[in-house]
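Just need the whole structure built from these sequences, with the hints factored in.
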Amino acid sequence: MSEETPQVEPVATTPPLSPEWQAAVGDLIVAGLTRNDHPELVTTPELLLGLLTRLRELDPPYDLLHDLCGVDRGEHLEVVYRLYQGYGPQSLVVKVQTPRSGGRLPSVTALWPLANWAEREAAEMFGLTFTGHPDPKHLLLPEGFVGYPLRKDFVIDRSDPYLAPDPLRDDPLTALGLKAEATKGSEE
Amino acid sequence: MGLREWEDKLRHLPENLPQPPEEPLRKWARGHHEGGMSLAFLKVADKALDTARACSLWWLQFGLACCAIESMAVGASRYDLDRFGIFHRATPRQADAMLVAGTVTTKMAPVIRRLYDQMPEPRYVIAVGNCAISGGRFYQHAYSVVRGVDRVLPVDIFIPGCPPRPESFIDGLRKLHDLIRQESLADSPAVEGRRPETYLHLRELP
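Quick note, the sequences are listed as chains A and B, same order. 186 is the number that our numbering gives to position 186 of the first sequence; each next residue is one higher, with no gaps. 1032 is the number that our numbering gives to position 32 of the second sequence; each next residue is one higher, with no gaps.
Keep in mind that the hints were calculated from the coordinates and are not lab data. Careful: at least some of the hints might be erroneous.
[Stated by the list, open to error] Which residues of chain A face chain B? A few of them, derived with a C-beta cut under 10 Å, are:
1) G86
2) L114
3) P142
4) F145
5) D153
Nothing here was measured: the structure is a model prediction, and the numbers come from that model. In this text, a Cβ means the ideal position worked out from N, Cα and C, and glycines have one as well.
Below, the structure written as structure tokens:
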């Protein structure tokens, strides 16, 4: 994982990270920029826990985990952490990139118990593994579900009788044996 | 089995067969017709019992998605299902009909099936809304939605709509009333073949 260096291309209109931020967390990120006046940090799975711990110790601290979700970027997966300040104006985005297969990330449930369910959902929907998660089972999907539904290359299992296509709905005339009569009527 | 054959079967029941406790109406009929119920009495009894059943339909109270909000509106005072004798019951053991209102997911389908199995006969199922009928807007691309609740339960009435208007609910309800009023004691579930319970056991239940 550490061999691949995540490549992030900042949009031309987004200014780079401010020097204050660079001084605060520069050693724990691989890229950073300012988007909509809020910092956006990109880090690696190895540095993630140290970065989030430091963000919690800033003044004022980023003590609210607003959202945690996975993103399918095509060649790799991404996990996005949105942080807020309980006693300040700023929000912040932390992005971590993992390979499509065998992506492992440290769990942040020790920092924010809220991350428990969000990590369970991201794990089942994108096939990620959060090491150190206290309850690593499915949240929304039934047990035994095959595949990761929110990946772009997911294909529905149409052999499942619950999900199989319905010929009566797809082509009702053929299913009811009325196809020939219908075409005859239209020719006339 | 036809009515005449059923009557013949009643007449020729062996006397030592263990009989269920005799209902008052049946006892009265036996007194007036040697060996079994007369056809005239059967019609009267059918009318009385079907009317009673149709006019006190108790519904299993549960909802799955936004159609359940609409079913709450039907049950509330503006449309007032109470005037049809309909009450929501919170347990399947006291319910006559099940209103599958909403999106049936693959995770929820075994639960619905279990609720249905706990309801006493005769029981009726109404599929409300496009999602319960065929998957609705989730038909093409959803990974978790059952394409129609009739893959899980035998459905009597379908009410289309997304969600259906309360008037549609009441219309489907009246169609269920018509269905109940067509039933006869001769086809009672004690006799085989009243309603073919060809369950769609597509999946093993957990």
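Evaluated hints:
no. : hint : verdict
1   : G86  : 34 Å, violated
2   : L114 : 23 Å, violated
3   : P142 : 4 Å, holds
4   : F145 : 8 Å, holds
5   : D153 : 13 Å, violated
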